[in-house]
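Enquirer: Now for the letters of each chain:
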Amino acid sequence: MTKPDTVVNFDVALIERARRGDSNAFERLYREHVGRVHGLCLRMTRDPDAAADCVQDAFIKAWKALPRFEARASFSTWLHRIAVNTVLERRRGPSRAEVLVEDPGEYEETTIVFDSPVEEEELEAAIESLPQGARDALVLCGVYGYEHQEAASMLGIAVGTCKAQLHRARGLLKDRLERGVR
Amino acid sequence: MTTRRVKRIDELARDIPPARDLWPAIAQAIQVDLSMKAVPARRRVGWMPALGLAASVALVALGVLIGRYVGTQGTDQLANNTQQGGEAGMVKASLRDAEYRKQRDQLLVEVQARLDTMSPAEREKVGASLATLKRSIQEIEAALGRDPANALLQDLLVSSCQEEMRALTAVRDSGHQEI
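Chain order of the listed sequences is G and P.
Residue numbering for the first sequence follows this note's numbering, starting at 278 and increasing by one per position.
Residue numbering for the second sequence follows this note's numbering, starting at 9 and increasing by one per position.
No wet-lab data here; the hints were simulated from the structure.
Since we're looking at a predicted model, the values are computed, not measured.
Beta carbons: idealized from backbone N, C-alpha and C, even for Gly.
Misleading hints may appear alongside valid ones.
[Stated by the list, open to error] With a straight-line cut-off of 30 Å between C-alpha atoms, the simulated BS3-like cross-links for lysine-lysine are:
#	chain 1	residue 1	chain 2	residue 2
1	G	Lys451	P	Lys15
2	P	Lys45	G	Lys341
3	G	Lys338	P	Lys133
4	P	Lys142	G	Lys341
5	G	Lys338	P	Lys142
6	P	Lys45	P	Lys142
7	G	Lys341	P	Lys133
[Said to hold, decoys possible] Which chain P residues stay away from chain G? Per the calculated CB distances, all over 10 Å, these:
#	residue
8	Asp18
9	Ile24
10	Ala27
11	Leu42
12	Leu116
13	Lys133
14	Ile145
15	Gln146
16	Ser167
17	Gln170
18	Thr177
19	Val179
[Unchecked claim] Short derived list, chain G residues pointing at chain P, Cβ under 10 Å:
#	residue
20	Ser300
21	Glu304
22	Gly316
23	Lys341
24	Arg367
25	Ser393
26	Asp452
Can you build the whole structure from these sequences, using the hints too?
Expert: In structure tokens, the structure reads:
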């Protein structure tokens, strides 16, 4: 399993400075993390403008919430949680509750391996075409390496639902890649 | 996107930089936040007089805004009155404020008509931007309630109100081009 966060130690000093109101330190944190946060928002929203808005909102919320950030936690994960929340707030619809399935224990695996190499562009298009709930689970677990429990917590859904959504995403993805996505 | 081939989904790039630099807007919001944090918190018992003062300051600030925004006759007199801070100045500022509110209300009606012609996605995007501006103004006014004499906050209020008027005008005057 790939860890979603690899820059925590580097961030500690910057976080402490930012906590004390140093916006330059926060800008360095922004520069360090914006690509990953944007990638996450873009894949969840499927809209570059909405993704940019969510990134801005997420970093502003993070700045305001810095005093509540616990230094022992992963800054990257904390930031992603805020970003996911921002995307979900923006959706505002009932779609978060899409397809509730009981905990399927056999769907633990979060990695998706293809039989043969797939073009990145084609794969991104296939992910984009997935239903929202399946896409969210796939992006967080499959692409960003979060465990089901963490992803479910971020998305505000049950762990079982997250597993089922990922399972569903896996099937749809393979099907769409075989059919040429669209 | 590149045409790189991947065997596993976690080989996809996690970092996708945004097309434009998003930091300036974030930095602006941080500056507002820092200004508000610089305002000392007041005890609850002091709220009512502070709110009264805040309302007065807001009127003066908005009066100045009208002077700048409308750019019609009487601007100098308004500025003088505002600087003097006398009762007569306040009354004139209030009148200006009424004029400002009338113009803003009219603008809001026209903006709503324009929003109604937009696609839902566009409408949501523009609406969110306007709501952000409105929220900023409300936050600054709340901070002024705690520190009515804070010149930085007064300036921020004026510039934020100007920004809102500019944004509303831009939305009203927009055709089908991107706002």
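Enquirer: All hints, please: hold or fail.
Expert: Here's how the hints hold up against the structure:
A distance of roughly 12 Å separates the Cα atoms of Lys451/G and Lys15/P; the hinted pair therefore holds under the 30 Å criterion. At most 30 Å may separate the alpha-carbon atoms for a hinted pair to count; Lys45/P and Lys341/G meet this at roughly 10 Å. About 19 Å separates the Cα atoms of Lys338/G and Lys133/P, which keeps this hinted pair within 30 Å; it holds. This hinted pair checks out: Lys142/P and Lys341/G have alpha carbons roughly 18 Å apart, not beyond 30 Å.
For the given pair, Lys338/G sits about 17 Å from Lys142/P by alpha-carbon distance, which is consistent with the 30 Å threshold. About 19 Å separates the Cα atoms of Lys45/P and Lys142/P, which keeps this hinted pair within 30 Å; it holds. A C-alpha spacing of about 23 Å is found between Lys341/G and Lys133/P, which places the hinted pair at or below 30 Å, so the restraint holds. For Asp18/P, the non-interface assignment is contradicted: its Cβ lies about 6 Å from the closest Cβ of chain G, within the 10 Å cut-off.
The beta carbon of Ile24/P is not kept farther than 10 Å from every beta carbon of chain G, the shortest such distance being approximately 4 Å. Not every Cβ of chain G is farther than 10 Å from the Cβ of Ala27/P; the closest lies at roughly 6 Å, contradicting the non-interface assignment. Listed as a non-interface residue, Leu42/P fails to keep its Cβ farther than 10 Å from every Cβ of chain G; the least gap is roughly 6 Å. With a minimum CB-CB distance of about 22 Å to chain G, Leu116/P clears the 10 Å threshold, and the non-interface call stands.
At roughly 6 Å from the closest C-beta of chain G, the C-beta of Lys133/P falls inside 10 Å, breaking its exclusion from the interface. Distance check for Ile145/P against chain G: the nearest CB is about 16 Å away, which clears 10 Å, and the non-interface claim stands. Once the 10 Å rule is applied to beta carbons, Gln146/P is consistent with being away from chain G; the minimum gap is 15 Å. Separation of Ser167/P from chain G is adequate, the least Cβ-Cβ distance of about 18 Å exceeding the 10 Å criterion.
Taking the minimum C-beta to C-beta distance to chain G, about 21 Å, the non-interface status of Gln170/P holds against the 10 Å cut. At roughly 22 Å from the closest C-beta of chain G, the C-beta of Thr177/P stays outside 10 Å, upholding its exclusion from the interface. Every beta carbon of chain G lies more than 10 Å from that of Val179/P, the smallest distance being close to 16 Å; the non-interface claim holds. This hint holds: Ser300/G has a C-beta 5 Å from the nearest C-beta of chain P, less than the 10 Å allowed.
At about 6 Å, the closest approach between the beta carbon of Glu304/G and any beta carbon in chain P falls short of 10 Å, and the interface hint on this residue holds. Contact between Gly316/G and chain P, as hinted, is supported at the beta carbon level, the nearest pair being about 4 Å apart and thus within 10 Å. Among the interface hints, the one on Lys341/G holds; its C-beta lies about 6 Å from the nearest C-beta in chain P, closer than the 10 Å criterion. Hint status for Arg367/G relative to chain P: holds, with the closest Cβ pair at about 8 Å, below 10 Å.
Because the smallest distance between the Cβ of Ser393/G and any Cβ of chain P comes to about 8 Å, under 10 Å, the interface hint for this residue holds. At a threshold of 10 Å, the smallest CB-CB gap from Asp452/G to chain P is about 15 Å, leaving the interface hint violated.
Hints 8, 9, 10, 11, 13, 26 from the list above are not met by this structure, while the remaining hints are.
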